[in-house]
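Just so you know, the protein sequences line up as chains A and B, in that order.
Quick note, the first sequence lines up with residues 1 to 357 if you use the numbering used here.
Quick note, the second sequence lines up with residues 358 to 780 if you use the numbering used here.
Any given hint could be a false lead.
[Unchecked claim] Restricting the straight-line Cα-Cα distance to at most 30 Å, the calculated cross-link-like pairs of lysine-lysine (DSS-like) are:
(1) 707/B <-> 339/A
(2) 711/B <-> 595/B
(3) 595/B <-> 340/A
(4) 259/A <-> 474/B
(5) 155/A <-> 181/A
(6) 647/B <-> 263/A
(7) 329/A <-> 259/A
(8) 275/A <-> 339/A
(9) 635/B <-> 275/A
(10) 96/A <-> 647/B
(11) 263/A <-> 711/B
(12) 192/A <-> 698/B
(13) 96/A <-> 635/B
(14) 473/B <-> 340/A
(15) 259/A <-> 339/A
(16) 289/A <-> 326/A
(17) 635/B <-> 181/A
(18) 340/A <-> 698/B
(19) 155/A <-> 474/B
Note that these hints are calculated values from the structure, not bench results.
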Amino acid sequence: MSKFLKSISIGAVAAILAVPAAAQTFGLGRAALPEEIAAWNLDVHPDGAGLPDGQGDALDGEEIFATQCAACHGDFAEGIGNWPKLAGGMDTLDRKDPLKTVGSYWPYLSTTFDYIRRSMPYGNAGTLSADETYAIVAYILYSNDLIADDFVLSKDTFLDVEMPNADGFILDDRMETEFTKWVGEPCMTDCKDAVEVTMRALVLDVTPEETAAKAETVQVASTDTTTTAEPAAVAAQEQAVPAPEVAAADPALIAEGEKVFRKCAACHQVGDGAKNRVGPILNGVVGAKAGHIEDFKYSKALMTRAEEGLIWDGEALAGFLSAPKKYLKGTKMGFAGLKKDEEIAAVIAYLNSFEAE
Amino acid sequence: MSDTFESNKPNRRAFLRGAATAGVGAIAAGAAGAQTPDPLITETQDWAQSFGDGVDATPYGMPIQFEGDVIRRNVEWLTADTISSINFTPIHALDGTITPQGCAFERHHSGAIELKKEDYRLMINGLVDRPLVFTYADLERFPRENHTYFLECAANTGMEWAGAQLNGAQFTHGMIHNMEYTGVPLRTLLEEAGYDTAGKWVYVEGADASSNGRSIPMEKALDDVLVAFKANGEALRKEHGYPVRLIVPGWEGNMWVKWIRRIEVMDAPVESREETSKYTDTLENGISRKWTWAMDAKSVVTSPSPQAPITHGTGPLVITGLAWSGRGAITRVDVSKDGGKTWETARLAKPGEKMALTRFYLDTTWDGEEMFLQSRAMDETGYVQPTKTQLREVRGENSVYHNNCIQTWWVRPNGEAENVEVS
Numbered sequence: 001m002s003k004f005l006k007s008i009s010i011g012a013v014a015a016i017l018a019v020p021a022a023a024q025t026f027g028l029g030r031a032a033l034p035e036e037i038a039a040w041n042l043d044v045h046p047d048g049a050g051l052p053d054g055q056g057d058a059l060d061g062e063e064i065f066a067t068q069c070a071a072c073h074g075d076f077a078e079g080i081g082n083w084p085k086l087a088g089g090m091d092t093l094d095r096k097d098p099l100k101t102v103g104s105y106w107p108y109l110s111t112t113f114d115y116i117r118r119s120m121p122y123g124n125a126g127t128l129s130a131d132e133t134y135a136i137v138a139y140i141l142y143s144n145d146l147i148a149d150d151f152v153l154s155k156d157t158f159l160d161v162e163m164p165n166a167d168g169f170i171l172d173d174r175m176e177t178e179f180t181k182w183v184g185e186p187c188m189t190d191c192k193d194a195v196e197v198t199m200r201a202l203v204l205d206v207t208p209e210e211t212a213a214k215a216e217t218v219q220v221a222s223t224d225t226t227t228t229a230e231p232a233a234v235a236a237q238e239q240a241v242p243a244p245e246v247a248a249a250d251p252a253l254i255a256e257g258e259k260v261f262r263k264c265a266a267c268h269q270v271g272d273g274a275k276n277r278v279g280p281i282l283n284g285v286v287g288a289k290a291g292h293i294e295d296f297k298y299s300k301a302l303m304t305r306a307e308e309g310l311i312w313d314g315e316a317l318a319g320f321l322s323a324p325k326k327y328l329k330g331t332k333m334g335f336a337g338l339k340k341d342e343e344i345a346a347v348i349a350y351l352n353s354f355e356a357e
Numbered sequence: 358m359s360d361t362f363e364s365n366k367p368n369r370r371a372f373l374r375g376a377a378t379a380g381v382g383a384i385a386a387g388a389a390g391a392q393t394p395d396p397l398i399t400e401t402q403d404w405a406q407s408f409g410d411g412v413d414a415t416p417y418g419m420p421i422q423f424e425g426d427v428i429r430r431n432v433e434w435l436t437a438d439t440i441s442s443i444n445f446t447p448i449h450a451l452d453g454t455i456t457p458q459g460c461a462f463e464r465h466h467s468g469a470i471e472l473k474k475e476d477y478r479l480m481i482n483g484l485v486d487r488p489l490v491f492t493y494a495d496l497e498r499f500p501r502e503n504h505t506y507f508l509e510c511a512a513n514t515g516m517e518w519a520g521a522q523l524n525g526a527q528f529t530h531g532m533i534h535n536m537e538y539t540g541v542p543l544r545t546l547l548e549e550a551g552y553d554t555a556g557k558w559v560y561v562e563g564a565d566a567s568s569n570g571r572s573i574p575m576e577k578a579l580d581d582v583l584v585a586f587k588a589n590g591e592a593l594r595k596e597h598g599y600p601v602r603l604i605v606p607g608w609e610g611n612m613w614v615k616w617i618r619r620i621e622v623m624d625a626p627v628e629s630r631e632e633t634s635k636y637t638d639t640l641e642n643g644i645s646r647k648w649t650w651a652m653d654a655k656s657v658v659t660s661p662s663p664q665a666p667i668t669h670g671t672g673p674l675v676i677t678g679l680a681w682s683g684r685g686a687i688t689r690v691d692v693s694k695d696g697g698k699t700w701e702t703a704r705l706a707k708p709g710e711k712m713a714l715t716r717f718y719l720d721t722t723w724d725g726e727e728m729f730l731q732s733r734a735m736d737e738t739g740y741v742q743p744t745k746t747q748l749r750e751v752r753g754e755n756s757v758y759h760n761n762c763i764q765t766w767w768v769r770p771n772g773e774a775e776n777v778e779v780s
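Input sequences plus hints: build the corresponding full structure.
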């Protein structure tokens, strides 16, 4: 209590300095505990403040990058499809369509560490250790030819890395460079002699087709009807329609499973047009032989179990999903597992609603 | 890519759909009288004879089915994945200024999460006397304010830097919405924690997997930033940051952190990913501007436009659109029908409000001639919305964000409209 009063008085002094009127406080909220602050206060600043202990080099990083990052960013940080390119693009900033990467554009190395540790891997954020993060950052730097492969990145060496575009930024100068030009009474008549069309969106033709949007609308509308109309009325309607074999599946459980599947969706795709990503396609996985997707590179551990005849029936999937690394030692699947049995049952029901292609 | 005008489907389809919707009425419109009695009048219609829905048919209503095309739309080729992506508000089909939450554009970096009020925590730490944790219930006990503000993504119109690309106001200008927010001033929370005057910045981050952290100067944080939990009277929708988001009036949307979980008072900015590698503006010489937070004055004609063609023929025509400025209130909007040769001052539906959308109308008569429709906003600072040419002279074509140029719609004699650039 005395500490509280002391801090009040300090606060009062600060408040006087900051705002002329004494700031009112309400005594709401509770003190944040040191452990809580430590858990969330992870931001790393350009001067290296906030960097944790630990270290890593590009060689360590290459391996981690291949399993954790390469599915989107490419083996060499070159980016796949529309996913961000992390390397290359040096000296392109003053050209048409500059390529902005960690190497060519990012002014501070701290940003890379900060972002990877907190927000990556995509769909599995916050799971990398400090060592892994240092190693991945080192690999990205190496991919940009900014460090040698034996450079050990840690908080002690962090500021030794020179970022090529560190001096490439100026503060917002619109008030000086633009505002002064575009202020005042504008022209109302005879403002120009001729108006010629110089470019047309229809010629470029990149606008989404509205038919797709229409189809979505219909879908949305029908979902809405089933969820909001009175249950009795829906039941009556459903009886009138000949029920297909899906009647056996529990739609509520499948819907629940669809939500749970978001935890998987960063690495796995399912449904029409699904592709292998970090993890294999999961269409038809329930009841399938382990390792059944031919063009996916499974872990050795999984292939060994597959040869022993592992079938992904409900029991096996439940076991695997509850503790992947325990159930299948050596699996590439970097997922901690689903804690609740209901979640496991739901996600299996959801997966079971997709047949093999 | 070899398409001629005739073969371009989206526009054509939009036109035909519009015509079909207008139906018999459109043909009979104008000065000409009806030749035959209208069965909609002379015959008893179902809706005039039997019942409609009872109350509770829809405990929380959706728009009527006939408005089913007034929806957010995505441009798939823009991003790799819808989880980290953006869609667009159907501004071509809305009127007034308030954007319903259900069709207000979404931008997520790691998807729209589901965070219960009971599980919500907001931490204030850093240079404060009392690092604090608030629950949702705590926030509701601070004095509240109501304010209407626009939120514009810095990338709105960003695809148009190099030329006319997307054919519709929804796609060129739909990364915007305007809502009435209820919340607690950030200043109140900072005072509650006893912020240190050495703290020149606050860092704000979200509870989602992206965390989407941004640094905001203390001066702004103490001025008008809100920690909001309601929008347009109801709880924030999931996609808009339920249960609590940050409101940073007039400044780029990326700073309006959703699912806000932490506010740190700092002496220097974090220089996070979202404020260095993104949301910075590269000029022609390769040097990039940073900390370009304010959204400059801007406007667009929402109708007629490519998705909202003229279907009623010649005669009375309402030209309407939206204007806004991150530096204050809109004071005037001019409209040109001839691509900027001559301008007429439009009527503002209401006097402009600071950092909120302003609706304008030009009530006019269309003679059926082609038009090059443009709008030009002015705000209380005297700033006049620039042309694309003026913008490019200063910034080149390599910028992504903060494109507030004057937009041109080429309206053809058949009423169809197209996104074009003019000299």
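Hints and how they fare:
{"no.": "1", "hint": "707/B <-> 339/A", "result": "violated (55 Å)"}
{"no.": "2", "hint": "711/B <-> 595/B", "result": "holds (27 Å)"}
{"no.": "3", "hint": "595/B <-> 340/A", "result": "holds (24 Å)"}
{"no.": "4", "hint": "259/A <-> 474/B", "result": "holds (19 Å)"}
{"no.": "5", "hint": "155/A <-> 181/A", "result": "violated (46 Å)"}
{"no.": "6", "hint": "647/B <-> 263/A", "result": "violated (35 Å)"}
{"no.": "7", "hint": "329/A <-> 259/A", "result": "holds (27 Å)"}
{"no.": "8", "hint": "275/A <-> 339/A", "result": "holds (27 Å)"}
{"no.": "9", "hint": "635/B <-> 275/A", "result": "holds (29 Å)"}
{"no.": "10", "hint": "96/A <-> 647/B", "result": "holds (20 Å)"}
{"no.": "11", "hint": "263/A <-> 711/B", "result": "violated (41 Å)"}
{"no.": "12", "hint": "192/A <-> 698/B", "result": "holds (5 Å)"}
{"no.": "13", "hint": "96/A <-> 635/B", "result": "holds (18 Å)"}
{"no.": "14", "hint": "473/B <-> 340/A", "result": "holds (18 Å)"}
{"no.": "15", "hint": "259/A <-> 339/A", "result": "holds (15 Å)"}
{"no.": "16", "hint": "289/A <-> 326/A", "result": "holds (20 Å)"}
{"no.": "17", "hint": "635/B <-> 181/A", "result": "holds (27 Å)"}
{"no.": "18", "hint": "340/A <-> 698/B", "result": "violated (67 Å)"}
{"no.": "19", "hint": "155/A <-> 474/B", "result": "violated (38 Å)"}
When the structure is compared with the earlier hints, violations turn up for hints 1, 5, 6, 11, 18 and 19 and for no others.
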